[in-house]
Amino acid sequence: EELVKKSLLAGAKNYIVKPLDRKKVLERISSALK
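Numbering-wise (our numbering), the sequence shown opens with residue 18 and increments by one.
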């Protein structure tokens with residue numbers, strides 16, 4: 018689980034280019050954790 022969260026956070030950091038994209042990333046992470 019810890020590795021998954023770390024990889025998701027790392028991927029999110031690389032994915033986020035615009036502040037507007039943050040919401041999409043957070044939604045993907047939250048849905049992935051469900």
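One should not assume that every hint holds.
Computed cross-link-like contacts, DSBU-like style, restricted to lysine-lysine with a CA-CA straight-line distance of at most 35 Å [claimed, not checked]: (1) K22 / K41; (2) K30 / K51; (3) K22 / K51; (4) K41 / K23.
To be clear, the hints were calculated from the coordinates, so they are not data collected in a lab.
Remember, it's a predicted structure, so these values are computed and weren't measured experimentally.
Hint check:
1. Taken as a hint, the K22 and K41 pair is honoured in the structure, with Cα atoms around 16 Å apart against an allowance of 35 Å.
2. At most 35 Å may separate the alpha-carbon atoms for a hinted pair to count; K30 and K51 meet this at roughly 20 Å.
3. About 12 Å separates the Cα atoms of K22 and K51, which keeps this hinted pair within 35 Å; it holds.
4. For the hint linking K41 to K23, the alpha-carbon distance of about 18 Å falls within 35 Å, and the restraint holds.
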